[in-house]
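Visitor: Listed below are the residues making up each chain.
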Amino acid sequence: MLHLILFLGFGAACVAGAVNLLAQRHPINSALSLVVVMGALAGEYLLLGAEFVGAVQVIVYAGAIMVLFVFVIMLLNAGEEELTKGSRVALLFGVPGLVAGSLLVAWVLLHSNTGEVAVGALPGPPKAIARLLFHDFLLPFEVTSVLVLIAIIGAVVLAARPEPPQAKRES
Amino acid sequence: MTPHLHLWLIPVLPLIGAAINGFLGKKFSRPAVVSVALAFCGAAFAMALWIAAQFSSLPIPVLETFAPWLRAGSLHVDFAFYLDQLSLVMILVVTGVGFLIHIYSVGYMWEEGGFYRFFSYLNLFMFFMLTLVLAGNYLVMFIGWEGVGLASYLLIGFWFTKDSAASAGKKAFIVNRIGDFGFLIGLFLMIKHFGSLDFGQVFSSAASLPVETAGAGLLTSIGLLLMVGACGKSAQIPLYVWLPDAMEGPTPVSALIHAATMVTAGVYMVARSHVIFERAPIAMMVVSVIGTLTALFAATIGICQTDIKKVLAYSTVSQLGYMFMACGVGAFSMGIFHLMTHAFFKGLLFLAAGSVIHAVGGEQDMRKMGGLRSKIPWTFWTMTAATFAIAGFPPFAGFFSKDAILFQAFVSPYGSWLYWFIGVFTAFLTSFYMFRQWFMTFFGEYRGQEHPEEHVAPAGAAASHGHGGIHESPRVMLVPLVILAVLAVVGGWIGSERFGKFLSPAVGQVPSVAASESPAASLQASEEHVSEGLLTSVSILAAVLGFGLAWLLYHQRPQLPQEIAAALGGFYRAVANKYYVDQLYAILFVNPLIEGSRDILWHGVDQGVIDAAVNDSAEGAEHVSDSVRHMQSGNLRSYAGWVALGAAVAIAYMIWTGAR
Amino acid sequence: MVPLYYYLALSGILFACGVAGFLIKRNLITIFLSIELMLNGVNLSFVAFAAHWHQLSGQVFVFFVMVVAAAEAAVGLAIIISVFRTRQTLNVDQINLLKL
Numbered sequence: 001m002l003h004l005i006l007f008l009g010f011g012a013a014c015v016a017g018a019v020n021l022l023a024q025r026h027p028i029n030s031a032l033s034l035v036v037v038m039g040a041l042a043g044e045y046l047l048l049g050a051e052f053v054g055a056v057q058v059i060v061y062a063g064a065i066m067v068l069f070v071f072v073i074m075l076l077n078a079g080e081e082e083l084t085k086g087s088r089v090a091l092l093f094g095v096p097g098l099v100a101g102s103l104l105v106a107w108v109l110l111h112s113n114t115g116e117v118a119v120g121a122l123p124g125p126p127k128a129i130a131r132l133l134f135h136d137f138l139l140p141f142e143v144t145s146v147l148v149l150i151a152i153i154g155a156v157v158l159a160a161r162p163e164p165p166q167a168k169r170e171s
Numbered sequence: 001m002t003p004h005l006h007l008w009l010i011p012v013l014p015l016i017g018a019a020i021n022g023f024l025g026k027k028f029s030r031p032a033v034v035s036v037a038l039a040f041c042g043a044a045f046a047m048a049l050w051i052a053a054q055f056s057s058l059p060i061p062v063l064e065t066f067a068p069w070l071r072a073g074s075l076h077v078d079f080a081f082y083l084d085q086l087s088l089v090m091i092l093v094v095t096g097v098g099f100l101i102h103i104y105s106v107g108y109m110w111e112e113g114g115f116y117r118f119f120s121y122l123n124l125f126m127f128f129m130l131t132l133v134l135a136g137n138y139l140v141m142f143i144g145w146e147g148v149g150l151a152s153y154l155l156i157g158f159w160f161t162k163d164s165a166a167s168a169g170k171k172a173f174i175v176n177r178i179g180d181f182g183f184l185i186g187l188f189l190m191i192k193h194f195g196s197l198d199f200g201q202v203f204s205s206a207a208s209l210p211v212e213t214a215g216a217g218l219l220t221s222i223g224l225l226l227m228v229g230a231c232g233k234s235a236q237i238p239l240y241v242w243l244p245d246a247m248e249g250p251t252p253v254s255a256l257i258h259a260a261t262m263v264t265a266g267v268y269m270v271a272r273s274h275v276i277f278e279r280a281p282i283a284m285m286v287v288s289v290i291g292t293l294t295a296l297f298a299a300t301i302g303i304c305q306t307d308i309k310k311v312l313a314y315s316t317v318s319q320l321g322y323m324f325m326a327c328g329v330g331a332f333s334m335g336i337f338h339l340m341t342h343a344f345f346k347g348l349l350f351l352a353a354g355s356v357i358h359a360v361g362g363e364q365d366m367r368k369m370g371g372l373r374s375k376i377p378w379t380f381w382t383m384t385a386a387t388f389a390i391a392g393f394p395p396f397a398g399f400f401s402k403d404a405i406l407f408q409a410f411v412s413p414y415g416s417w418l419y420w421f422i423g424v425f426t427a428f429l430t431s432f433y434m435f436r437q438w439f440m441t442f443f444g445e446y447r448g449q450e451h452p453e454e455h456v457a458p459a460g461a462a463a464s465h466g467h468g469g470i471h472e473s474p475r476v477m478l479v480p481l482v483i484l485a486v487l488a489v490v491g492g493w494i495g496s497e498r499f500g501k502f503l504s505p506a507v508g509q510v511p512s513v514a515a516s517e518s519p520a521a522s523l524q525a526s527e528e529h530v531s532e533g534l535l536t537s538v539s540i541l542a543a544v545l546g547f548g549l550a551w552l553l554y555h556q557r558p559q560l561p562q563e564i565a566a567a568l569g570g571f572y573r574a575v576a577n578k579y580y581v582d583q584l585y586a587i588l589f590v591n592p593l594i595e596g597s598r599d600i601l602w603h604g605v606d607q608g609v610i611d612a613a614v615n616d617s618a619e620g621a622e623h624v625s626d627s628v629r630h631m632q633s634g635n636l637r638s639y640a641g642w643v644a645l646g647a648a649v650a651i652a653y654m655i656w657t658g659a660r
Numbered sequence: 001m002v003p004l005y006y007y008l009a010l011s012g013i014l015f016a017c018g019v020a021g022f023l024i025k026r027n028l029i030t031i032f033l034s035i036e037l038m039l040n041g042v043n044l045s046f047v048a049f050a051a052h053w054h055q056l057s058g059q060v061f062v063f064f065v066m067v068v069a070a071a072e073a074a075v076g077l078a079i080i081i082s083v084f085r086t087r088q089t090l091n092v093d094q095i096n097l098l099k100l
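Heads up: the sequence lines are chains A, B and C, in that order. Take the first sequence: its position 50, counting from 1, is numbered 50 in my numbering, and each next residue is one higher. Take the second sequence: its position 260, counting from 1, is numbered 260 in my numbering, and each next residue is one higher. Take the third sequence: its position 5, counting from 1, is numbered 5 in my numbering, and each next residue is one higher.
Accuracy of the hints is not assured; some may be wrong.
Coverage of chain A stretches by chain C, computed from C-beta distances (three or more under 8 Å per stretch; other residues unrestricted) [unchecked claim]: (1) 34-41; (2) 129-135.
Straight-line C-alpha distance at most 25 Å; calculated SDA-like pairs for lysine to any residue [as the list claims (entries may be wrong)]: (3) C:Lys99 x B:Gly634; (4) C:Lys99 x B:Val643; (5) A:Lys127 x A:Thr144.
No lab work stands behind these hints, which were simulated from the structure alone. In this text, a Cβ means the ideal position worked out from N, Cα and C, and glycines have one as well.
Make a model of the complete structure from these sequences and hints.
Guide: So this is what it looks like as structure tokens:
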């Protein structure tokens, strides 16, 4: 019972944050809504017993990546989004498509008999995860570390300021 | 033991001349071109004479195979040349008259452009014609047949920048092709039923078949189809329309091709195929009917023509009709006899007409001539000889041959008095229009322009060379005229009986002789002698009457022809307009073909289907890319949309196929 | 006890919102945020299935997703900064030179 209530609470927060992300016009509001979503998601992970994942979610995702986003938004200071007229095609296909898609998914889910998940069903202590990470998934681990290295270098190069003898440049 | 005569040399020598002049002649000087052309043509003539000299000692017939050609299943065709009495006569006529005309052309064409081209074409024509008459099988004959048509086209349209000349060349070639189509089908029938095109095999197979008196059979079909080809080549009804237009070519061309040699190819072919015709009475009848009708028809047109060459053109058609009449009644050798004498006097008539035209500075309308006999005496006397010959006055050449034809038409089992009667009437008309031409050209007052060299010549016939007044032609043109005039006088003196006997191994006996060799005929023999004399007198009378009428209308009372023409009104106009046959053909055949070509084949098929297929597929590609290009708009959100759509489709597909 | 498909439904909703934002929004950064939202929804799905089938590798995979998301966010934001420097706008409709 409690499990269900907690699930629904966190779930509502997720959905509200997601919808707010769509509804807001200024990107900073959308970014902050996304932080809310990530926080709520961390809660969901804990309900499922994935304690390490939940912690990492908060620390890395919400704490580093979203901070990066907020930094960039504040750096560029682009302002609110303009309201231009929407595409009629998107409306024509999008809305019915969306409704149909959701109905389909809902129907599939309601008719599936997947069984229930208990609270803390699968504990994920750091030790167990580390064992997997450095044993079975060693290669992907090393590759992703290279990937991060590349991303760092790429970001530095891409965002570097152009050569000084340029006229007015926005800071 | 068969001596090696190297018959193939006779056609090939002019071919070499044609090649040399054709490829290199542009750089040669005129004398060089002339030497090449005359040397090779003369060499062919010399060879023909050499063969004639030893003819009696040769094992006739001689068949020489030059090279193998076709081996198609059971059909064997080689490049083979065949010498017998018939081909000997033909090569002598072709090379002899041809050589004389070559000499004449030197003078006639001296101031024309394209000099080397003319002589190259003339030699080329000689090559094809000699191939035709020396051929040992129908296929080699067909090479020559087509080739002379080609040479005719090239030479008629010699002044190709002139529209009428180019059209006349086309007309000649196309009408000839219609005839050739019939000829080809005849050849196909021969291949199918006799398995060969070789003269020896075809004729022996045909000889084993019975005479088709009951109705049309294989031999009748072959004969009729061959006759279609002959009608095209020898300008008989209904395919004669190209010959008058062919007068657009230079006069030596008219003399050589359209009088002496090419148009006689049809007669030669029918005579060569006499074995087939003799067994197909219906075909024989068709041949003689066509020949007789054409003779009469062309003669009636000839009496109203005003162009000096057109008169001679229709006269040629008419005389060819006589030759076919002879073949049709079974007197093949008489047809060849008339072919030979006709080559002499008609060739002479054309060459002399060319000399007249040259003298008056290019004018061809007889109404603008007159009184020329004192000014161009050599031309006058040679043309006189030819005119008397064609009219059939004894002792000139034409009398013997024409009279022989008329006699055979009367007595032959294939002939009838009707053919004879029409033939005599046509002889009267022939005499009339030839003397009409004679009087109009040479007698009376000169009705042309005062200084003819200023006259703009219609066909560039050696028009302006700056020497004043009406003058005689140079000697190089006169010598052939004189030689031909001598031949026109003495050419018939060999006599029809001796000639017929000479040719009989090749073309069979004439009907009168064949009849007289049967036992029941001895009673008729004496009657025939009597009627032969009577018939001959009638034909001489017809010739004299023609002369008299022409003398009356064109010498004594020159204003009478106008009055008669006016009195006859529409009938006269119809004849003067050649019975509107050209217009009729235009309505029936030419215009529908042109319109059909233009509307159906050009607009419909070429533009509508072929071009449209290409253009429409290109346009289709354009339309497709036009609509597809919107996918790459640069609009990131549409790209995002496509990505999402693609992902959705991929996932749906994976779910559908149950992928794990 | 929460049925599995509740988690899946939540994950689906998050993902759908992410796609919607990706297609609808005009600001370049907001589009990126939607991409992050999508990735989060997928993470939830991974963890839920890991719990259902008692396989820890589901949770490990979440790590990898996060790493990739981080790398992608870094590079993407760097690109956004350069684009902004050149075009002075973050309106995605005006960044339309990606064509022939």
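Visitor: Could you run down the list of hints and mark each one as holding or not?
Guide: Consistency of the hints with the structure:
Requiring three or more residues with a Cβ within less than 8 Å of a Cβ of chain C, the coverage given for the stretch 34-41 of chain A holds, as 4 such residues are present. A count of 3 residues in the stretch 129-135 of chain A with a Cβ less than 8 Å from any Cβ of chain C is obtained; the coverage claim is therefore met, three being the minimum. Straight-line distance between C-alpha atoms of lysine 99 of chain C and glycine 634 of chain B comes to about 5 Å, which keeps the hinted pair within the 25 Å bound. Straight-line distance between C-alpha atoms of lysine 99 of chain C and valine 643 of chain B comes to about 16 Å, which keeps the hinted pair within the 25 Å bound.
For the hint linking lysine 127 of chain A to threonine 144 of chain A, the alpha-carbon distance of about 20 Å falls within 25 Å, and the restraint holds.
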